[in-house]
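Sequences and hints are given; from them, build the entire structure.
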Amino acid sequence: MAVTRRGIITFAVGLLFGFAITYMFTISTSISTRLKFSPRQKVSYAGGLIPDSPHSHGEMDNVKGPDQSVNWADEHSHRHTEQSSAIAHELAVKIRVLCWVMTNPSNIQTKAMHVKATWGKRCNVLLFMSSEVDATLPAIKLPVSEGRNNLWAKTKEAFKYVYTNHFNDADWFLKADDDTYVILENLRHFLSDKDTQKPLYYGRRFKPYVSQGYMSGGAGYVLSKDALKRFVDKAVNDPGKCRNDNGGAEDLEMGRCLEKVGVLAEDTRDELGRERFHPFVPEHHLIPGILPADMWYWSYSYYPAKQGPDCCSDYAITFHYVSPNMMYIMEYMIYHLKPFGISVVEQCPDNKEQAQLTKVDAEPPLQHTKQLAPSGQHQHIDVKVDKRMESKSISHMDKNVIVDSKNTVHQKDSAS
Amino acid sequence: MNLLILLYVLVNFLKPKRELLLVLQLKTVIVVLTVSTMMHIKHSQLQFVIGLTLGFLISVIFFQSEVVNKPLMRIPQTLFNGHVSGTSNIAAVGQEPHRGRINDSHVHHDDTSVADKLAQQVRVLCWVMTSPTNFRTKADVVKATWGRRCNILLFFSSVVDPRLPTIALNVTEGRNHLTAKSMQAFKYVYDHYYDQADWFMKCDDDTYVIVENLRYFLSTKNTSDPFFYGLHFKPIVKQGYYSGGAGYVLSKEALTRFGKRNPNTCRGDGGSEDAEIGKCMEKLGIKTGNSTDALGRSRFHCFSPDTHVNGGFPKWYYNYVKGGAKQGIENISDYAISFHYITPTSMLSLEFYVYHLRPYGIRTENQALN
Chain A
1 MAVTRRGIIT FAVGLLFGFA ITYMFTISTS ISTRLKFSPR QKVSYAGGLI
51 PDSPHSHGEM DNVKGPDQSV NWADEHSHRH TEQSSAIAHE LAVKIRVLCW
101 VMTNPSNIQT KAMHVKATWG KRCNVLLFMS SEVDATLPAI KLPVSEGRNN
151 LWAKTKEAFK YVYTNHFNDA DWFLKADDDT YVILENLRHF LSDKDTQKPL
201 YYGRRFKPYV SQGYMSGGAG YVLSKDALKR FVDKAVNDPG KCRNDNGGAE
251 DLEMGRCLEK VGVLAEDTRD ELGRERFHPF VPEHHLIPGI LPADMWYWSY
301 SYYPAKQGPD CCSDYAITFH YVSPNMMYIM EYMIYHLKPF GISVVEQCPD
351 NKEQAQLTKV DAEPPLQHTK QLAPSGQHQH IDVKVDKRME SKSISHMDKN
401 VIVDSKNTVH QKDSAS
Chain B
1001 MNLLILLYVL VNFLKPKREL LLVLQLKTVI VVLTVSTMMH IKHSQLQFVI
1051 GLTLGFLISV IFFQSEVVNK PLMRIPQTLF NGHVSGTSNI AAVGQEPHRG
1101 RINDSHVHHD DTSVADKLAQ QVRVLCWVMT SPTNFRTKAD VVKATWGRRC
1151 NILLFFSSVV DPRLPTIALN VTEGRNHLTA KSMQAFKYVY DHYYDQADWF
1201 MKCDDDTYVI VENLRYFLST KNTSDPFFYG LHFKPIVKQG YYSGGAGYVL
1251 SKEALTRFGK RNPNTCRGDG GSEDAEIGKC MEKLGIKTGN STDALGRSRF
1301 HCFSPDTHVN GGFPKWYYNY VKGGAKQGIE NISDYAISFH YITPTSMLSL
1351 EFYVYHLRPY GIRTENQALN
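Chains as they are written, first to last, in the numbering used here: chain A, 1 to 416; chain B, 1001 to 1370.
Each hint should be verified, as a subset may be incorrect.
To be verified - Below, a sample of chain B positions facing chain A; criterion: calculated Cβ distance under 10 angstroms:
#, residue
1, T1112
2, D1116
3, I1329
No wet-lab data here; the hints were simulated from the structure.
C-beta: ideal position from N, C-alpha, C; glycine also.
See below:
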């Protein structure tokens, strides 16, 4: 082949064409690949743990759960003694939480029902706020129209309703969506050292628009008694303080309002800096890379948003965009499935020692010390166990260690 | 012309992993070139065609590595190091898969003494069936999550992988040779690890096992009895057999009889791995046993928690599973042992659910469920 100038041009044109065609082809397929965050199993019945977790309400609209709510009356099948939930029960009496769940007529059967069947029943008072009455759930009719543009109106009316009808029935007032999953025990634990007579407001803190930040609506937020009072008495009907039309993002408007009447938005992270309120499902926070790098979420987070193991507190309180099916899975995971032989010992928030142990990369030394004598409710056991297990042998199974019949760990050398 | 044929032959030998698409495209390119040369197309047209296909090739190589085939299942380095990460960047897998776990053991003041005691008394060897395409995507995650809780953890495949590491068996990869893999793996385990564990479990690289619950279940069994346990399927074998994906576990006696068997007793390859092992066990006098808990709830599961909690079993399952297909929380044991079809990301979230997330004030007591 003679290499003519014309030949080179034709070649170059062909090259460009080939490049362009493939570019268009791959870009169009990459968009669809990026949207998939967990690989779909080929078999139709293998849904994986998270079948499909949405990132927006538009995606949530068509997500359905079981046709009927599923109620497991299996407390009797838990062979627990009475003491096992004593602390949780005690807290439930001391720290009364009213939960109002934002829902709408079309979600009553598909979503709200499953909230009630799962975590909703753990609230001291549970209310479903809608634009229509529902006798069976039940749901309250607020004087608002439906639609995403009326969420702020709904929020205002809901809090007004709660203040008028239930102010004395609870100590704290939680707002959640019908796709929020709440672990009430952990909420009460978090609130146990907070003063409801102070103007306080807790949730997942977002940075923009409001100088002290505001709390994500979907991740759920909770108002103290004083905060609720200030909101309804002083803010909600004052156009200088609260936006008086129906539009706007309800969580943002709430944040603006509350700031204007001196309610404080606080930090809800645990001693290790792990968040308790979450705007997505656990997997999306735990697995780096699932939430796209260019997502709004990163710039909205008041504190640096974490991915991976540091994302979520052991005592996490909420997750969002939880489908009804996922709620039942979480019920099973949180309240039923357990590893045998691992007894949870509650971490006390005021234990200063814990703060010093927060070096994430440090390998803790291998030590077995005597169990502290139990005194009072909390048992702080000074056992630092090296969880690093070689594949062939359990390295921390020190041969000098004895586990006696009371499951107390001793060392052979110690004089005991 | 000859050059093209040579190229074609070379490409056939390339077969880089997961790049089948690329190989196909290379082949089509070469075919196009060959055909066009043969057809004596005008020079200018030929040059255009060559340019076109070359441009296609180059851009495919470029874009494929960037976008299309980037598996979202590769576990990024950040997860392994437990570092905080502000932005998402799907990087290559961490160098030390050992450390891929939620590293907050220094703040967990959990009392693991009973579980630790059981780990001494009921030693479990877990062997995981895997394949080269799954080493970095699935097997690594197994090792980083539940695998490390086994007393001994082994990976079996057709080739050696120094990182996991894997033991290479004399098998061809593929679903038609899983029986050979299982047969050889158990033989290997018998030959090399017989006295280092009490129970011997097989599972897949998409099985998630809660090892503490496995030990609890086995703690009341005698490893010198000729038994093996798993998710019981009724058909094919008279006494039934166990689902391979849900994992099944052999007693020492079972392993011994298997290891000492006459080589003609059991099928060497072909068929369904779990069914063939099941037939083998029956021939050797190893019996199936019940693994439901004291309340009749299942412990071994061949599907994901979603399917078992919410339903969606395939039709065949209803005919296979002993005791009938049941869905819902009330039918799953609190001390469930295994789930199957677990994606690597789901394994990480299962770690979080089982070992970290907890409701405050509800003390987890050790229930008597055997």
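Structure-based check of each hint:
1. Given the 10 angstroms rule on beta carbons, the hint for B:T1112 holds: about 5 angstroms separates it from the nearest Cβ of chain A.
2. Interface hint at B:D1116: satisfied, since its Cβ lies 7 angstroms from the closest Cβ of chain A, which is below the 10 angstroms cut-off.
3. Look at B:I1329: its Cβ gets to within about 5 angstroms of chain A, closer than 10 angstroms, so that hint holds up.
Checked against the numbered hints above, the structure violates none of them.
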